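Whenever a hint applies, use it, and build me the whole structure from the sequences.
There are 2 protein chains.
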Amino acid sequence: MSLKQDILHTAVLAQKAARFLGALSSEKKNKAIKAMADSLLNNSQAIIKANKKDIKFANEQKRSSAFIDRLTLSSQRIKKMSNDLLAVIALEDPVGKVIKIWRRPNGLNMCKISVPLGVIGIIYESRPNVTSDCAALCLKAGNAVILRGGKESIHSNIAIYKAIFKALTKCGFPEGCISLICTTDRAAVSIMLSLSDHIDLIIPRGGESLIRSVVENSKIPVIKHYKGICHTYIDKYADLNMAEEIAFNAKVQRPSTCNAMECLLVHKSVAAEFLPRIVKRLKKAKVEIRGCQNTIKLVKGVKKATNKDYATEFLDLILAIKIVNSMAEALAHIVKYGSKHSDAIITDNFPNGMKFLKLVDSACVYLNASTRFTDGNEFGLGAEIGVSTDKLHARGPMGLEELTIYKYMVMGNGQIRK
Amino acid sequence: MSLKQDILHTAVLAQKAARFLGALSSEKKNKAIKAMADSLLNNSQAIIKANKKDIKFANEQKRSSAFIDRLTLSSQRIKKMSNDLLAVIALEDPVGKVIKIWRRPNGLNMCKISVPLGVIGIIYESRPNVTSDCAALCLKAGNAVILRGGKESIHSNIAIYKAIFKALTKCGFPEGCISLICTTDRAAVSIMLSLSDHIDLIIPRGGESLIRSVVENSKIPVIKHYKGICHTYIDKYADLNMAEEIAFNAKVQRPSTCNAMECLLVHKSVAAEFLPRIVKRLKKAKVEIRGCQNTIKLVKGVKKATNKDYATEFLDLILAIKIVNSMAEALAHIVKYGSKHSDAIITDNFPNGMKFLKLVDSACVYLNASTRFTDGNEFGLGAEIGVSTDKLHARGPMGLEELTIYKYMVMGNGQIRK
Chain Z
1 MSLKQDILHT AVLAQKAARF LGALSSEKKN KAIKAMADSL LNNSQAIIKA
51 NKKDIKFANE QKRSSAFIDR LTLSSQRIKK MSNDLLAVIA LEDPVGKVIK
101 IWRRPNGLNM CKISVPLGVI GIIYESRPNV TSDCAALCLK AGNAVILRGG
151 KESIHSNIAI YKAIFKALTK CGFPEGCISL ICTTDRAAVS IMLSLSDHID
201 LIIPRGGESL IRSVVENSKI PVIKHYKGIC HTYIDKYADL NMAEEIAFNA
251 KVQRPSTCNA MECLLVHKSV AAEFLPRIVK RLKKAKVEIR GCQNTIKLVK
301 GVKKATNKDY ATEFLDLILA IKIVNSMAEA LAHIVKYGSK HSDAIITDNF
351 PNGMKFLKLV DSACVYLNAS TRFTDGNEFG LGAEIGVSTD KLHARGPMGL
401 EELTIYKYMV MGNGQIRK
Chain Y
1 MSLKQDILHT AVLAQKAARF LGALSSEKKN KAIKAMADSL LNNSQAIIKA
51 NKKDIKFANE QKRSSAFIDR LTLSSQRIKK MSNDLLAVIA LEDPVGKVIK
101 IWRRPNGLNM CKISVPLGVI GIIYESRPNV TSDCAALCLK AGNAVILRGG
151 KESIHSNIAI YKAIFKALTK CGFPEGCISL ICTTDRAAVS IMLSLSDHID
201 LIIPRGGESL IRSVVENSKI PVIKHYKGIC HTYIDKYADL NMAEEIAFNA
251 KVQRPSTCNA MECLLVHKSV AAEFLPRIVK RLKKAKVEIR GCQNTIKLVK
301 GVKKATNKDY ATEFLDLILA IKIVNSMAEA LAHIVKYGSK HSDAIITDNF
351 PNGMKFLKLV DSACVYLNAS TRFTDGNEFG LGAEIGVSTD KLHARGPMGL
401 EELTIYKYMV MGNGQIRK
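Protein chains in written order, with this note's numbering: chain Z, 1 to 418; chain Y, 1 to 418.
Nothing false has been slipped in among the hints.
Taking lysine-lysine and the DSSO-like style, the derived pairs with C-alpha atoms no more than 30 Å apart in a straight line are:
| hint | chain 1 | residue 1 | chain 2 | residue 2 |
| --- | --- | --- | --- | --- |
| 1 | Y | Lys355 | Z | Lys97 |
| 2 | Z | Lys355 | Y | Lys418 |
| 3 | Z | Lys227 | Y | Lys418 |
| 4 | Y | Lys16 | Z | Lys358 |
| 5 | Z | Lys34 | Y | Lys358 |
| 6 | Z | Lys4 | Z | Lys162 |
| 7 | Z | Lys297 | Z | Lys308 |
| 8 | Y | Lys49 | Y | Lys31 |
| 9 | Z | Lys16 | Y | Lys308 |
| 10 | Y | Lys4 | Z | Lys219 |
| 11 | Z | Lys227 | Y | Lys97 |
| 12 | Y | Lys219 | Z | Lys227 |
| 13 | Y | Lys151 | Y | Lys16 |
| 14 | Z | Lys16 | Z | Lys224 |
Label-pair ranges, simulated between beta-carbon atoms:
| hint | chain 1 | residue 1 | chain 2 | residue 2 | range |
| --- | --- | --- | --- | --- | --- |
| 15 | Z | Leu86 | Y | Ala272 | 52 to 58 Å |
| 16 | Z | His9 | Y | Lys308 | 23 to 29 Å |
| 17 | Z | Asp316 | Y | Arg103 | 31 to 37 Å |
| 18 | Z | Ala23 | Y | Leu41 | 49 to 55 Å |
| 19 | Y | Cys171 | Z | Asn377 | 44 to 50 Å |
| 20 | Y | Gly380 | Z | Ser269 | 48 to 54 Å |
| 21 | Y | Lys16 | Z | Glu216 | 24 to 30 Å |
| 22 | Z | Arg186 | Y | Pro351 | 44 to 50 Å |
| 23 | Y | Glu92 | Z | Asn413 | 24 to 30 Å |
| 24 | Y | Gly207 | Z | His9 | 29 to 35 Å |
Calculated directly from the structure, the hints in this document are not laboratory data.
These numbers were taken from a predicted model, which means no experiment stands behind them.
Cβ atoms here follow ideal geometry from the backbone N, Cα and C, with glycine treated the same way.
Now the structure itself:
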């Protein structure tokens, strides 16, 4: 079979399996996820053995220690992956929920009901736990999934997939429910992205270049997240103690995440009091500060921020700062440089707070809280399959509900259109 | 300005206007729509005059009388367009609705709230009333809209647009709220479809070839509707009188619509009784019948249906018929040939009815009713901007609600992530 035939075959099986999964009870889906969780533990040794090959390759390629750390699986980490699956069991089944029910004057009974999306393709990089996480989330939402991981973790992914697949087969699930593209040939991705008659949604997870290339080539709808350039705006009426705690948390607590703050906007009337305090604390935490001309005047040891800095997702201990003359200027800055991810205002002024929440067009807007809360678990949605900075279908953290859509069931007793 | 700069400029203004519209009260939006409706009436003569140019061109091109009829505007039809706008005023504002509200253990107040999508591009053919309809629906949902009509109705579209634009300007609305691409240069569409940083959604309305070309070229998410190959399945346990009325209605009442029945599936155990009756009645209504081998055996004057017939949206007085041995065979036929639009079962057997509603993966599934009800007005959603056979964001008739998305507003009192 050619690569193209091979992937088409996978997609056709997935589509068939999606019909099976869509009609399944919560109980049967949960049983299968439990079996998957157990199978991960039972196959720990095989997974660790496979993972060692990936680590060896990463060392040969002289990848960073952070990269190798993310890649590495221990029996403890496999235990965590297994527990993450058990957590999915506890989540409410998003399928078959009545969203709306009404009756038309002609007696038709209308029911808008949640259903699975169908077949979901996940294209991801490095972290092997994505393999089991995404498999369980898609399955719980009644979707078949086609996984395509990066070549860096191919051995780990195959071992994890084998463990999961064994469990599903034991439960009597058809082959296509969860598939892994086992080749590292990049052509496989292009083929996958062309199968719009068989795959309903693509979710890319990884760096911006991966995501851009998926969007560029896909004939299938994509839900994506390019980057998180998150702002915190310290209003004229901010409680500056609160502002300090929140800004520090948003930058420093985990700077490598997409919901970390990249730019601090400060109203001119509080800048002289606030900036020296926060900069001192940030510098103590080894944060490099790049500020506007006025920031530089107020605080020592600040580099000049360029326009490029304001447009950059540092994902690191670097912060851009800008002093603004008004909230309108802060809003305009966010329009120009923001990424529609997460932005916060710190203020005790209610109208200003409401105005910010209303006018900032981001998936998550915060009043007096850290942007670091943009996360499925922190929102109480349970595990998340990704974060969307798109405007269609889903915004912000995507949980199980975002892996479903709806259909209309219409029940009559002979109605015809006049 | 080059065409590219020109359209980019339009899109940038639209994006700016979207921010204005997104923050507007229902009252102000309704006032503007009222002004648009009035302006259509006040500019009736200019619109009819422009329309005459389009009709002249259509006659020169020897277009069909049905085509010219759809294109023609009379003062009565303009009155109807104006009334359709007034109906939009009466619809509930879909923006600012609280979808869900909850509180996290750390005290964060979470609010999922409906917001406009942003900028919507509509690419459409012939019918000039689409210009005013889409403009009003997008505006009511707080979106800016960029309209690109077909060259066949370009003069009518420009005249309608001018009338609307005048009204909006009087109301103090910025230029970009509603735009019309006035050139008929096809390159304009490709440019529009490339502006993914400025346009949030494309809705193509027209024939399948228009829609396929839009999907093929768009870098912007598209919600579309290729075709409606709608089935009615007459179950073994159908009330055959009801079945006859519904099948006749679904085929004959308005065969040119996407929700009309194209294929009738009949369980073998009722075929001998049902088919002669319905075929006789359909033939009287000048419906051409193309049936399977077994249908031909049962009824005289039936042509042989090919596989291509089963895959065709006739949009005409033609019907494909197939006798099936079981409901499973009917379901398999719909999987193979259906278009995920609208499909119906006629049965008095409750489990069979529920099974069909659950297993058929179409936007609208019917029990004992005509597929012709798939329509925004018939569903009670108010006017519709289109019908989606996609799986993402919206399925079936798309009303105002489907022109919105949500964002999360998170209100705290100093929460930071641990």
